[in-house]
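The whole structure should be built from the sequences, with the hints applied where relevant.
These protein sequence lines map, in sequence, to chains G and L. So for the first sequence, this note's numbering puts the first residue at 5; every next one is plus one. So for the second sequence, this note's numbering puts the first residue at 5; every next one is plus one.
Everything hinted at is true.
Derived DSS-like pairs: lysine-lysine, alpha-carbon spacing no greater than 30 Å straight-line: (1) L/K100 to L/K49; (2) G/K312 to G/K254; (3) G/K27 to G/K16; (4) G/K73 to L/K254; (5) G/K310 to G/K271; (6) L/K177 to G/K177; (7) G/K254 to L/K254; (8) G/K46 to L/K177; (9) G/K277 to L/K177; (10) L/K73 to G/K254; (11) G/K254 to L/K271; (12) L/K254 to G/K27; (13) L/K277 to G/K254.
By construction, these hints were calculated from the structure, which means they are not laboratory data.
Number of protein chains: 2
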Amino acid sequence: MSDLARIAESLKQCRTILISAHKSPDGDALGSQLALMLALEKLNKTVTAHNLDPVPEIYRFLPHAGRIKTGLLVQGRYDAYVVVDADPPRSGLFDKTYPADILINIDHHLTNPREWPLTWLDPDASACGEMIYELINEFGVTIDRDIALCLYTAIFTDTGSFRYSNTSPESMKIAAAMLEFGADPWLVTENVYESFAYQRLKLLGAVLAGMERSEDGRVAWVVVTDELFRRTGTTAEDTDSFINFVRSVKGVEVAVLFRQTGEAQYKLSLRSKGRIDLSGLAQSFGGGGHKNAAGGTMGGTLEEVKRKVISGVGEAITAQLGAGGADPDGRRR
Amino acid sequence: MSDLARIAESLKQCRTILISAHKSPDGDALGSQLALMLALEKLNKTVTAHNLDPVPEIYRFLPHAGRIKTGLLVQGRYDAYVVVDADPPRSGLFDKTYPADILINIDHHLTNPREWPLTWLDPDASACGEMIYELINEFGVTIDRDIALCLYTAIFTDTGSFRYSNTSPESMKIAAAMLEFGADPWLVTENVYESFAYQRLKLLGAVLAGMERSEDGRVAWVVVTDELFRRTGTTAEDTDSFINFVRSVKGVEVAVLFRQTGEAQYKLSLRSKGRIDLSGLAQSFGGGGHKNAAGGTMGGTLEEVKRKVISGVGEAITAQLGAGGADPDGRRR
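What follows is the structure, given as structure tokens:
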């Protein structure tokens, strides 16, 4: 019996079910959680959705998002507890004791340690939402517009609107089916990608205007200082995903964002376009990460920190790709 | 017999075929053109691809893009001339006399006047690439990786990477099939969306840093001056799609970009998020456009032009949506 079938069977036999997603929930976490909740309710289960962190504003359009409880205090006892899109500790809600008889984990992250017996892990799924789609089909529940919108959002966001390399024929086929069940693609786009806070976009402008790059154009970086936050009335959270703009520069292999976190302390974020492996580099900067994304924190003046990081990244690029040229732009030849 | 079947029949009987796309070709135009060329070559046709304008750098990764001839001078005579993704005048190459016996037009733009007898128009297609996919199936030609990459790019770009409201179940199903035939989604993303010229991104930064908006937050605007072009070493072309960032601001209904085109002259671009119809407004600014996009050119100092346009847009919003509030940001309450 497959993990999927075992989980479907277990859930069918429960009456009360608690579902959590991970801390700082994203579109896949929330879409998966809500779709599963709605499908289980169609099977007449009593379902509670509870996360540590609130639903970010851009995902409040999701049907029934307002029903997700938040905070550390989880009340009641349940027949089953389901964690979606993360290994259970990442829900941040419980420390080894759970208010349920059956524990179920549904995730697509390869790093999941499979610590619960009823774990279904599918690293080939672009989004946990794809797995929830399969589970709902296994239940035999008919997908309605609300469920379709949740699952579409899950797949849409985890594939970067079908831009990332995890976009598979399967993701697109399920997304097509969700559109047929009534999901509105522009509704999702408008909420997820067309709801940039005004001050945040002005901050992005100021940050990008100050972008610099190495002579060979393979490293580009931006700096966000305390002064800039003060001037634009923004906070660290507003810099989310800024580094993706830097990475998008033609010729750039590694993008770096330096964010001031103290008088002489900076948080680093690094992103690779895919050819440079950052996992070794992050450790040398006192941080962690994986192939395409790494981060850390470093003390020193901005000039010191920049010098160390940029030369370190430059060396890693030379080691992995060979030396670069001195004319990064075809356009300026 | 359907237009599709008639066109497939006609092409099968030809030996030499010329294919053009429209001026300033985009991903759909080029992907459709190249996919059709490659499919016809599998039927042993001799195919020439010829456009007025060169292939933009971001689309040069398309298989056989280097074979597209460019410029006004078209040599030779052909059994058939096919114009894709536009009505024939928009190819910009011929004025009523064509170097072919049979004229074929394949397009998905509702505005196409259907002036050629062999016209196939499908306004429900999200991209012309979807129609070319159907045509290739009608030919019975097997889709290979190169054709798949062209058609995937066509659909991917015309739906804004599946973000726009024209994204249909059909678009996603065809895209899924193209991935199965070997199209690499990240290759397309990296070329189309991750190849921002360095100076262009710095220009975007400077432009966004200067963004302003109306008191109710429903109109936001940016200005690109000659001085800014000089300072960043950029040109008008580099501002392409900048207005989409302005439109993406939460609460904004209409985004405006003012681009200096003379000492006291400005080109306007307007974009609506979908609720405001801009078609009437554009005419009052001496320009043209449709529901969601409009443009024009206006003489006067920057302050004069801004005042006229912003108050005109504000009035249109009030007329269509009613009065707005004075607190555009939930976040700053």
